[in-house]
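A.B. asks: Take a look at the letters that make up each chain.
Number of protein chains: 2
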Amino acid sequence: MGGLLADEQLASLAVVLVATRNPLNIGAAARAMSNFGFQRLRVVNPYQIAFREARSAVGGAVVLAAAEEYASVAEAVADCQLVVGTTAGARRQPEHALVSVQLGTRRIRQELARGRVALLFGSEKRGLSNEDLSHCHWLMHIPTRAANLSLNLGQAVGICLYELARDSRVPVKPRIIESASADDLERMTKLLLQALRWSGYLKPPATVEAEEKLRRLVYRLRLSTPDAAVWLGMLRKLSRKLRDGQPPGDE
Amino acid sequence: MGGLLADEQLASLAVVLVATRNPLNIGAAARAMSNFGFQRLRVVNPYQIAFREARSAVGGAVVLAAAEEYASVAEAVADCQLVVGTTAGARRQPEHALVSVQLGTRRIRQELARGRVALLFGSEKRGLSNEDLSHCHWLMHIPTRAANLSLNLGQAVGICLYELARDSRVPVKPRIIESASADDLERMTKLLLQALRWSGYLKPPATVEAEEKLRRLVYRLRLSTPDAAVWLGMLRKLSRKLRDGQPPGDE
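Top to bottom, those sequences are chains A and B.
First residue of the first sequence: 1, per the working numbering; consecutive thereafter.
First residue of the second sequence: 1, per the working numbering; consecutive thereafter.
Calculated directly from the structure, the hints in this document are not laboratory data.
In silico lysine-lysine, DSS-like type, Cα no more than 25 angstroms apart, as pairs:
1. A/213 x B/237
2. A/237 x B/213
3. A/203 x B/237
Take a look, some chain B residues computed to stay more than 12 angstroms from chain A by CB distance:
4. 40
5. 47
6. 49
7. 51
8. 69
9. 75
10. 190
11. 208
Computed from a prediction, not measured in an experiment: that's the story for all the values here.
Where is the CB? At the ideal position from N, CA and C, for every residue including glycine.
Using the sequences and the accompanying hints, generate a full structural model.
C.D. replies: Below, the structure is given as structure tokens:
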């Protein structure tokens, strides 16, 4: 399934933070949820101080105010049809399927069309425990270069939700700005040619080659209509000023 | 060429943090760079305490140790052929092209195959200023649901680098002609500015807005290195001739 997620599908995803220590990370997760339209935040055994401090953080206030607190992962995911754990990859049990965030979010999107999904993030220091992982259907990781350096928790949540909200088949919007007409470009070429002669950059006799070279140079600018109008105005003024400075009788 | 970016391409991307206030965000940016294999971090006018504190943060230590500090955006992007600004979309000038992170990173990948790219992130509170934006060829944003809530800076960097490192299976067309460096474009802007003043097109007092508008106009030309050299030569000559025609004592 492609395309953007509908509101009810966004509401069917629960972001579950397990044993998070740093209030900034809870705040960052809530803010990323707001950014990408997700609402359901669940916290399992957060450090109480961290949770209280996060509630006073800017951004994601609505999400934080509605956050639900659970004593165990089992309770936090009880109403979900699919439970996905996130991991840096190091600690997982070999029997657990591990997929990339690109493939994983595609599967999650499919599941969100028909049911609830929990996406679990572990603590900053130790990630998800084996007990936590045992509640997961499969695991997801964000491919990184430095395999031994895990992502910051807030960034990991941000990237997963970004990828989930990302429409991979986004039609590329054509730019609305119109390209300059050949007529404009021709007038620019003539004005520039004149200015260059009066400045002494181009010496007489005038050659066809010089003019053609200049025209190609102007065409390569790929100007829009409004920009061409600005350049024409500037060149007209420069050219006129240079003409005024010419010795009498000179053209 | 599709697939993952090669090491030398990763090294050709400069992540430029402008006026960042929070050390945690500098640290998060450096960590995300390490995660996805990017090495070149540049900071412009960071709050000094923030920069010092970030250097002691865990994760991304190698990136932070090698971070380069600049006094201006112009200096930080001088050696880059493509300069891309990131924005929540609110403050941009209408003539600046704004593309999604999916399309933008594809373009950046193509450019990294042949040159250097700077990716700019503004301060937490205000994003990139109009002056900062005038150094950008185009702007990129991460589509979010809540349009009025910008992403956390660390998460924005994380998502952009993730998307850049992500295998989108897009074939990268190698273009043979190198794009002009920001340094060349800056010199063109200054020469043009001077010529326009001497011609009377721009009247004193000199305004920052006029210079920014001109810089954006020049950046939109998308010049190649050889073409930039020709334009620089022409502008130098036009400018000199106009200066010679000034009344004595006028500069």
